[in-house]
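Since the structure of chain A is already known, use the hints to place chain B on it.
2 protein chains.
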Amino acid sequence: MVLLQPEKAFPDKEKNFSEWYSLILERAELVDIRYNVKGFVVYRPNLMRLINLIRDELEKGLTETGHQPVLFPLVIPMSYLRKEEEHITGFEAEVFKIRGEEGEEDLALRPTSETAFYPMYSLWIHSYRDLPLKLFQTVTVYRKETKATRPLIRGREFLWIEAHDAFPSEEDALKQVSEDIRITRNALEKFGLAFIVVEREEWDKFPGAEKTFAFDCIMPEGKVLQIATTHYLGTKFSIPFEIIFLDKDGSKKYVHQTCFGPGLSRMAAAVISTHGDEYGLVLPFEVAPTQVVIVPIPKEGFEEKVLEKCFEVEKRLKRLNLRVKVDDSEDRPGSKFYKWELFGVPVRVEVGVKELEEKKLTLFRRDLRKRWTIEDSLLEQEITYLKDDILKVLRRKAYERLEGALVRINCRDEGIEASKNGKIILMNFCGRKECSEKIREDTGGYEVRGRRVDVEEKVWGPCAWCGRSAEKVVVIAKSF
Amino acid sequence: MVLLQPEKAFPDKEKNFSEWYSLILERAELVDIRYNVKGFVVYRPNLMRLINLIRDELEKGLTETGHQPVLFPLVIPMSYLRKEEEHITGFEAEVFKIRGEEGEEDLALRPTSETAFYPMYSLWIHSYRDLPLKLFQTVTVYRKETKATRPLIRGREFLWIEAHDAFPSEEDALKQVSEDIRITRNALEKFGLAFIVVEREEWDKFPGAEKTFAFDCIMPEGKVLQIATTHYLGTKFSIPFEIIFLDKDGSKKYVHQTCFGPGLSRMAAAVISTHGDEYGLVLPFEVAPTQVVIVPIPKEGFEEKVLEKCFEVEKRLKRLNLRVKVDDSEDRPGSKFYKWELFGVPVRVEVGVKELEEKKLTLFRRDLRKRWTIEDSLLEQEITYLKDDILKVLRRKAYERLEGALVRINCRDEGIEASKNGKIILMNFCGRKECSEKIREDTGGYEVRGRRVDVEEKVWGPCAWCGRSAEKVVVIAKSF
Chain A
4 MVLLQPEKAF PDKEKNFSEW YSLILERAEL VDIRYNVKGF VVYRPNLMRL INLIRDELEK
64 GLTETGHQPV LFPLVIPMSY LRKEEEHITG FEAEVFKIRG EEGEEDLALR PTSETAFYPM
124 YSLWIHSYRD LPLKLFQTVT VYRKETKATR PLIRGREFLW IEAHDAFPSE EDALKQVSED
184 IRITRNALEK FGLAFIVVER EEWDKFPGAE KTFAFDCIMP EGKVLQIATT HYLGTKFSIP
244 FEIIFLDKDG SKKYVHQTCF GPGLSRMAAA VISTHGDEYG LVLPFEVAPT QVVIVPIPKE
304 GFEEKVLEKC FEVEKRLKRL NLRVKVDDSE DRPGSKFYKW ELFGVPVRVE VGVKELEEKK
364 LTLFRRDLRK RWTIEDSLLE QEITYLKDDI LKVLRRKAYE RLEGALVRIN CRDEGIEASK
424 NGKIILMNFC GRKECSEKIR EDTGGYEVRG RRVDVEEKVW GPCAWCGRSA EKVVVIAKSF
Chain B
4 MVLLQPEKAF PDKEKNFSEW YSLILERAEL VDIRYNVKGF VVYRPNLMRL INLIRDELEK
64 GLTETGHQPV LFPLVIPMSY LRKEEEHITG FEAEVFKIRG EEGEEDLALR PTSETAFYPM
124 YSLWIHSYRD LPLKLFQTVT VYRKETKATR PLIRGREFLW IEAHDAFPSE EDALKQVSED
184 IRITRNALEK FGLAFIVVER EEWDKFPGAE KTFAFDCIMP EGKVLQIATT HYLGTKFSIP
244 FEIIFLDKDG SKKYVHQTCF GPGLSRMAAA VISTHGDEYG LVLPFEVAPT QVVIVPIPKE
304 GFEEKVLEKC FEVEKRLKRL NLRVKVDDSE DRPGSKFYKW ELFGVPVRVE VGVKELEEKK
364 LTLFRRDLRK RWTIEDSLLE QEITYLKDDI LKVLRRKAYE RLEGALVRIN CRDEGIEASK
424 NGKIILMNFC GRKECSEKIR EDTGGYEVRG RRVDVEEKVW GPCAWCGRSA EKVVVIAKSF
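Sequences listed follow chains A and B, in order. Following our numbering, the residues of the first sequence are numbered contiguously, the last one being 483. Following our numbering, the residues of the second sequence are numbered contiguously, the last one being 483.
FYI, nobody ran anything at the bench for these hints, they're computed from the structure. Treat the numbers as computed from the prediction; the structure is a model and nothing was measured. Treat the hints with care, as some may be off.
Which copy is meant is left open, because identical chains are indistinguishable; a pair holds if it fits in one copy or across any two.
[As the list claims (entries may be wrong)] Dumping the calculated PhoX-like pairs for lysine-lysine here, alpha-carbon to alpha-carbon at most 20 Å:
1) 100 <-> 41
2) 63 <-> 328
3) 193 <-> 436
4) 147 <-> 100
The following block holds chain A by itself, in its conformation from the complex (with noise of 0.2 Å):
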């Protein structure tokens, strides 16, 4: 096997992250951020297709727990939006509105569609016999960001799937909760993701949430970003909306709600900056809209001969079910060879007559660069190894990256350095606000990212912060 070591492209996303990203948006052909509107990007085919295998797959495991499809409209009324107060008060200033006609109130772009779902779960649900009620709708939502804004993590549109569900019971709300965690790491997983789940403090809640739990997925420079949240309503919004239901002991309760909310544009982001390196974009197969590139490598006199060979590997690889595609464009192999790296390809398959004459095919991964011949016969074996193997190796380099920067302190002088150094802290903490708000000073910006709810940690001294006795161990790091 020979390691490929040609000119990178690319800076090291780990010492120059916001170019590096910048650079692999533009020239990978996934985001022009040339539309005319502050916050708005346009999604180019590339990250479409993408996004789009995301999608399936969460709604694939939204569907398989019993949700169903549904669309309600971008518009809410602002008398909707104003009903349960904690929730107008965390979004008004990022509603775009339209201003309602004579005689009629003003709309806003969902921002989340709680108040629109709810007034309609009210009219839905009547008895235990409703319930659960689990809807889900893949849409666009708006926020007027005021912080800078870059493309798939802070913009003013972005893409995600929204959940709400409503049960008869605390209990199974609760249960729901972990029913989306789970959905959301199977995804993850696929995707060759890392990440840690929490439980947000309360200050950081969803606006309207009893708990938000939230997955913070480790980007480069040690910082996280968080790519999904489901939060426990409570009857939060079920008072205000009067969603009430008859048991079946006879007696009116309001229901229990639950909202999750995985992000699309966000879990691209993180595809994108996970695995992605010097070379642009890597991707496992599972997310990858072409998995196999075939090329043929033209020499005078053989180019017929060597494309139908490369469309007879084509052929035995569809019958795998992947996406596979010749490159018979008119480009060099070598520009075939750069571009579909930089599109992050999982794997070439290199057809020439050396191949040809020696009943071979040399193939390429992407993720390791690495290079070399296979027999001819032995190609579907190989390729169904190399669909499990990506994707175990970008894992486990993501693992690899987020154990390296978790870091676990015992006082406010390891902090500061563990942050100097870009680490992901593991504190004891106090669980105090005044608290949280001096860490982020000492630090220049960590955040409190909350309790690790997907490994239990136990207490093991005082808050390292400020020495008060601890009522939990948190997640400390600098956020997107």
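Structure of chain B alone, referenced to chain A:
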């Protein structure tokens, strides 16, 4: 075979379409109109599943012909929208606007996206090597309809696909128009719909188009509904947006463009209205979210055996890649029959003790409302036959209605008579707008839909309305 005639739940759609349509949208749980914003409705799961299947079929057609998915911003700067004069004149009154922030211009919610796409096309297209460029997006669009709205047919928010293509020549662009027509025709045939394809008159073209071709679907009460259009734009947008390419011969040229808009909401309305009957929805296998429902007929002591058989049948049908479901809810079989008929499931399989003992299965096909018994071993064969036959029967029925509605007229009196009988009129036409306005006046709303292009019609006399010499045969009908 037994033809079932229980009490009908709906009025005759040919006599009272409005009432029939409103009832079916509500009872088949397709749409909820109680969302509190004029012209905006909620798409419920039964509708979204239907629309997703329609979408998949059209996206497949587009993908197979080289179109790539994108997502452009919802908001379009007013200055973009104003770049092509006819275009803005056609849309400005219908535009929902978001007030621009200080120093920034107002933004329109896309009523259609030519003016969002084409500024980027001028950045992406440089050489003939960049052509053809064929992109599409599946999105909601927004038009402030002033007429009375009707869910899925005329609303302020609806779902469609829009494809925007650029070519080096008029010839290539016109070929694309034919391809768009073929894609649409193939899809509509799978949905069992009857339609005519027409070229719209000069005054009835898409704002900014050189030529507009439309699919008009026949609906109850003899009306037609436009469910897709494709437009040859020529260089009408490429000139103001400066979409220029360097041709092979070294000369700079404007691209020739097409755009294509199959309406997903309207196609769903056409499927619902064409096939539905007095018992509810009727769906062909192709767009039925559930294709076969299996209903256990319980008998005390045999519940388990009956259910076991149901799941065996489910397993066998899933092997045929069918969307199948066992209804093991607690409702009585009668309620289940009623519900799944209402929801339009094409085939029901009933399994009871009698079936177990005799190794038989009872089938019910929704389109003909026929119930009969088959040998258990013939299940796969029978369902495979029904899949084809139901579509054939629905399509034949739809075409019989269309053919029965079409009438050729030779003079104004015949035209007025035909319009009173709810016919769709074919006539020789002078091509003048004044004449079309006279027709509308005389008939209480019949419109010139355009020259039929799916069937060649030769002029056989003077203009039926004004007696001037005729330049073409046109279709005249009342439309939604």
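Hint check results:
1. 100 <-> 41: Both: 16 Å inside a chain and 16 Å across chains, each within 20 Å.
2. 63 <-> 328: Close across copies (17 Å), not inside one copy (26 Å); limit 20 Å.
3. 193 <-> 436: neither (36 Å within a copy, 60 Å between copies)
4. 147 <-> 100: Answer is both; intra-copy 10 Å and inter-copy 15 Å each pass.
Taken one by one, the earlier hints fail for this structure only at number 3.
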